[in-house]
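Line by line, the protein sequences give chains A and B.
First residue of the first sequence: 1, per the numbering used here; consecutive thereafter.
First residue of the second sequence: 375, per the numbering used here; consecutive thereafter.
A couple of the hints might just be wrong.
Below 16 Å or equal to it, Euclidean Cα-Cα: the simulated EDC-like pairs (lysine to aspartate or glutamate) are [stated by the list, open to error]:
#, chain 1, residue 1, chain 2, residue 2
1, B, K511, A, D135
2, B, K408, A, D370
3, B, K609, A, D370
4, B, K621, A, D135
5, B, K383, A, D135
6, A, K195, A, D370
I should point out that these hints are in silico values taken from the structure, not numbers from a laboratory.
Letter by letter, the chains look like this.
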Amino acid sequence: MTDKTNNDNNEPDETPERVVGTPAAEEHTVAEAEAERSHEGPYKASETHQRPEEQQRRGEKIASLWFILAFLGGIGFLVSYFVYGPEEIADPRISQFSNALLGGTLTLSLFGIGAGMTVWARNVMPHYEVSSPYDELPSDEKEKSSFSAFFMRSADESGFTRRPLMRRTLIAAMLPLGIAPIILLRDTGPLPGDKLKVTPWADGRRMIVEGTHREIRPEDLAQDPYGMISALPLMHEDDYGENVHYPHGISLNDQAKSVILLIKMPTGEDGQVEWGEGMTEERRNWTHEGIIAYSKICTHVGCPAALYERTTHRILCPCHQSTFDAANAAEVVFGPAHRPLPQLPIGVDSEGYLVSTGDFSEAPGPTFWDYAKD
Amino acid sequence: MSKTTQAPKALRGVGNFIDDRFHLAKMGEKNLRKVFPNHWSFMLGEIALYSFIILLVTGVFLTLWFKPSMVEVIYDGSYERLQGVPMSEAYASTLYIDFEVRGGFLVRQIHHWAALIFLAALVVHMLRVFFTGAFRKPREINWLIGVGIFSIAIVEGLFGYSLPDDLPSGMGVRILQGVILSLPLVGTYVSMFLFGGEFPGEDIITRLYMLHILLLPALLLALIVAHFMILWHQKHTQYPGLGHTNKTVVGTPMFPAFAVKAGGFFFFTFAVTAGLSAFVQINPIHLFGPFTPTSITSGLQPDWYMGFLEGSLRIFPNTLDFDIFGYAVPVAVLIPGLGVMGLLFGALGAWPFIEQWITGDKRAHNVADRPRNVPVRTGLGVAGITAYGVLWLAGSNDILSETFSINLYLTTYIFRVLVILGPIIAFIVTKRICLGLQRRDRETLEHGYESGVIQQLPSGEFIEVHRESSDETVEILSSKPTITSTALDETVDDKGVESPESRKGMGKLRRRLALWYTRDNVSVADVEAHSGHHLHHSHSTEEQDKEPAH
Numbered sequence: 001m002t003d004k005t006n007n008d009n010n011e012p013d014e015t016p017e018r019v020v021g022t023p024a025a026e027e028h029t030v031a032e033a034e035a036e037r038s039h040e041g042p043y044k045a046s047e048t049h050q051r052p053e054e055q056q057r058r059g060e061k062i063a064s065l066w067f068i069l070a071f072l073g074g075i076g077f078l079v080s081y082f083v084y085g086p087e088e089i090a091d092p093r094i095s096q097f098s099n100a101l102l103g104g105t106l107t108l109s110l111f112g113i114g115a116g117m118t119v120w121a122r123n124v125m126p127h128y129e130v131s132s133p134y135d136e137l138p139s140d141e142k143e144k145s146s147f148s149a150f151f152m153r154s155a156d157e158s159g160f161t162r163r164p165l166m167r168r169t170l171i172a173a174m175l176p177l178g179i180a181p182i183i184l185l186r187d188t189g190p191l192p193g194d195k196l197k198v199t200p201w202a203d204g205r206r207m208i209v210e211g212t213h214r215e216i217r218p219e220d221l222a223q224d225p226y227g228m229i230s231a232l233p234l235m236h237e238d239d240y241g242e243n244v245h246y247p248h249g250i251s252l253n254d255q256a257k258s259v260i261l262l263i264k265m266p267t268g269e270d271g272q273v274e275w276g277e278g279m280t281e282e283r284r285n286w287t288h289e290g291i292i293a294y295s296k297i298c299t300h301v302g303c304p305a306a307l308y309e310r311t312t313h314r315i316l317c318p319c320h321q322s323t324f325d326a327a328n329a330a331e332v333v334f335g336p337a338h339r340p341l342p343q344l345p346i347g348v349d350s351e352g353y354l355v356s357t358g359d360f361s362e363a364p365g366p367t368f369w370d371y372a373k374d
Numbered sequence: 375m376s377k378t379t380q381a382p383k384a385l386r387g388v389g390n391f392i393d394d395r396f397h398l399a400k401m402g403e404k405n406l407r408k409v410f411p412n413h414w415s416f417m418l419g420e421i422a423l424y425s426f427i428i429l430l431v432t433g434v435f436l437t438l439w440f441k442p443s444m445v446e447v448i449y450d451g452s453y454e455r456l457q458g459v460p461m462s463e464a465y466a467s468t469l470y471i472d473f474e475v476r477g478g479f480l481v482r483q484i485h486h487w488a489a490l491i492f493l494a495a496l497v498v499h500m501l502r503v504f505f506t507g508a509f510r511k512p513r514e515i516n517w518l519i520g521v522g523i524f525s526i527a528i529v530e531g532l533f534g535y536s537l538p539d540d541l542p543s544g545m546g547v548r549i550l551q552g553v554i555l556s557l558p559l560v561g562t563y564v565s566m567f568l569f570g571g572e573f574p575g576e577d578i579i580t581r582l583y584m585l586h587i588l589l590l591p592a593l594l595l596a597l598i599v600a601h602f603m604i605l606w607h608q609k610h611t612q613y614p615g616l617g618h619t620n621k622t623v624v625g626t627p628m629f630p631a632f633a634v635k636a637g638g639f640f641f642f643t644f645a646v647t648a649g650l651s652a653f654v655q656i657n658p659i660h661l662f663g664p665f666t667p668t669s670i671t672s673g674l675q676p677d678w679y680m681g682f683l684e685g686s687l688r689i690f691p692n693t694l695d696f697d698i699f700g701y702a703v704p705v706a707v708l709i710p711g712l713g714v715m716g717l718l719f720g721a722l723g724a725w726p727f728i729e730q731w732i733t734g735d736k737r738a739h740n741v742a743d744r745p746r747n748v749p750v751r752t753g754l755g756v757a758g759i760t761a762y763g764v765l766w767l768a769g770s771n772d773i774l775s776e777t778f779s780i781n782l783y784l785t786t787y788i789f790r791v792l793v794i795l796g797p798i799i800a801f802i803v804t805k806r807i808c809l810g811l812q813r814r815d816r817e818t819l820e821h822g823y824e825s826g827v828i829q830q831l832p833s834g835e836f837i838e839v840h841r842e843s844s845d846e847t848v849e850i851l852s853s854k855p856t857i858t859s860t861a862l863d864e865t866v867d868d869k870g871v872e873s874p875e876s877r878k879g880m881g882k883l884r885r886r887l888a889l890w891y892t893r894d895n896v897s898v899a900d901v902e903a904h905s906g907h908h909l910h911h912s913h914s915t916e917e918q919d920k921e922p923a924h
């Protein structure tokens, strides 16, 4: 801690030309010398720089003042606890106020104790500069050779070194036990299989606006001010079995891999969408009246690529700023992602609702080792 | 003032009771007399220790109510704005701590602030140890333990951040899973086993909770205890000064002075943490809302210690990604997500041994280096800080872009350049500053310090009077070790034959590194303190004719 500068506080008069950044001259007051003569402390007098009695007395008063303040703070904390009951802190404003009150009094109490102890150490207690030897760390040769001889003789006597059959069978006996804990972890989860590649999207499945149960028609997108809707597959009762119910009708796992961005592309003067070169004939067939669907999960590390800018038709992931071109098969235009967002083939059913006509063009989500393999 | 020599009866009784059973009198006195050198930088590790204690205490309090469960419930607690919203039990129980447990909000914030301070204190403490060479023999193992504590602490912090299952915390887990998936061959398996299936599954919070409150804290505690036992055994390093040698430590004894000062400092640390928690809101999860895998907000920021990884993920280009037989290797996730951490901890852990290999220095060091006296190490340290700092800033490039109205993509390009150039420039500049300081030290040692007093000589010339430095300063300056390396010792024997080691590849490399490591340093071995001419100015006027003007 910072006692190094302790002696610099009261500059004696004989060194007036001291400049900032230069060392102070040694200081020995008369009182200190006297204190050293009458020293009976645990450490050598030359290493114990007593504080003058007057300083000690002042230190005692200041430290006590801090402790009293800390006491009051502690009392305040106890009182604050009962000022607002559990019902009242449900209101965020009161909760915040209660937090400040409890925290403030606690701070006062802790700070008071800390400050008091520091004043005690700095003004009442002597300033010690005790010297003590660092231990010689390496043992001397005699100890070392004695130990080594003892150890080897004991090992020898035990037979561990001399009886290889026993030694090797013991090591062999340990091996399976060493592997056992790792084997026991096998049931922490299922094997990947095709779980990461298959989603609930299939031919004829309708879609709902994320966070609602509203099914989507192409007109909804034309009317949407952003030209973009975040959507999930509409799940049926028998998809999860009879007794399983999810708040939004779809499990979080399925949400995480099947969420899509439905985008209504702006049309040019001829009423046609200007698709990029990456939009093959097949991919254009996956769109419906200028509406195109991409996986919303970024192929980088899986954040939802939720930001869509209509004028530049770019999709941006706010986590690491991977940017995809919605007009060009969601090719990466910037950022750390490497592959495009998978496209979902869509169409309309007989009642005029938007449906998927199959699963994603590729595995959705963060890129993994075998994403491109069937 | 009365002198107490005889312990009061009650204390004697307790003392005897313990001593009868443990034979502690001698050992007790030895340990209570243990000397701790004084310097402000030695309290950085203390802050880390005290924050850890605060974390343990507040963490236990939080477990009384927190439910590590991902079962989806419809919230009906007392926080009105989220009533009726589906969320995990983990998030709901965190809201319960915030709005239905008195002092719960405060303790949760203290826990979070203490975690941030713990990591920060660890980092700064490590930098102190690095820059002063306190990791050198005999303390290399304690340095490695420190690196271990640092790496576990980061993971511990990340897992704790993930538990409340609010939107940013869930997104952190999502990114973690994305990084795991990028592992070649085993990525999907590790992810499935860790999450108990697909993301997010229903197990991950429960598992992270176990790791966060049981396994990792136990490891941390064990390592911290080992760290202190080694410190206690080897005694603390000290800075150069009068009487401070490799064989003698000078400082404050444990009892009474250090114990009181350290105790007071614990309360200060706690007070600052509590004060921040009272008045500076942190991680207001009730404003973020529960995690859903489909939603996100812009401007998301992780806790500060994850910032450099976030920045790496943001600026690493995707051009190095490749396929091998149709299998994907997403380098742009692997290197920033895992490689950067490996590089950081690997470099930290290896440095003491690399330095020892370069210098061939096998001596034990108890007196720490002044950073300027080892310019290459100091330069490398600053270069490391610069690289870390650039990555850290890159982790908030969207916020920087918005605040300063810079094109978002441009910030990425700027950071890509800076992360390469910055450390190089930082190294060169730091090394030069160190060498400049060394020269000034040499001059101060030779000529004394500039007193600030301007004197006019009879000839009309103005000079600044130099005065003799204190004994302490002279000791500090003249104790500067000359940096050498055994690799630079004469490698040609008396028959003119080069030693085989120095001709081999590694020997050559070592020699070259040793040259780089020792070059340009100023030696004070030949300097007699205050032998310089400046001092005589005030006494004699004859000499001034022979000297050039200053």
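Checked hints:
1. Simply put, K511(B) and D135(A) have alpha-carbon atoms about 14 Å apart, close enough for the 16 Å limit, and the pair holds.
2. Proposed proximity of K408(B) and D370(A) is contradicted: the alpha carbons are some 60 Å apart, above 16 Å.
3. A C-alpha spacing of about 54 Å is found between K609(B) and D370(A), which places the hinted pair above 16 Å, so the restraint is violated.
4. For the suggested pair K621(B) and D135(A), the alpha carbons sit about 8 Å apart, so the restraint of at most 16 Å is met.
5. Of the supplied pair hints, the one linking K383(B) and D135(A) is violated, its CA atoms being roughly 35 Å apart against a limit of 16 Å.
6. The hinted pair formed by K195(A) and D370(A) meets the criterion: a straight-line CA distance of about 12 Å does not exceed 16 Å.
Violated hints, in rising order: 2, 3, 5; the structure is consistent with all others.
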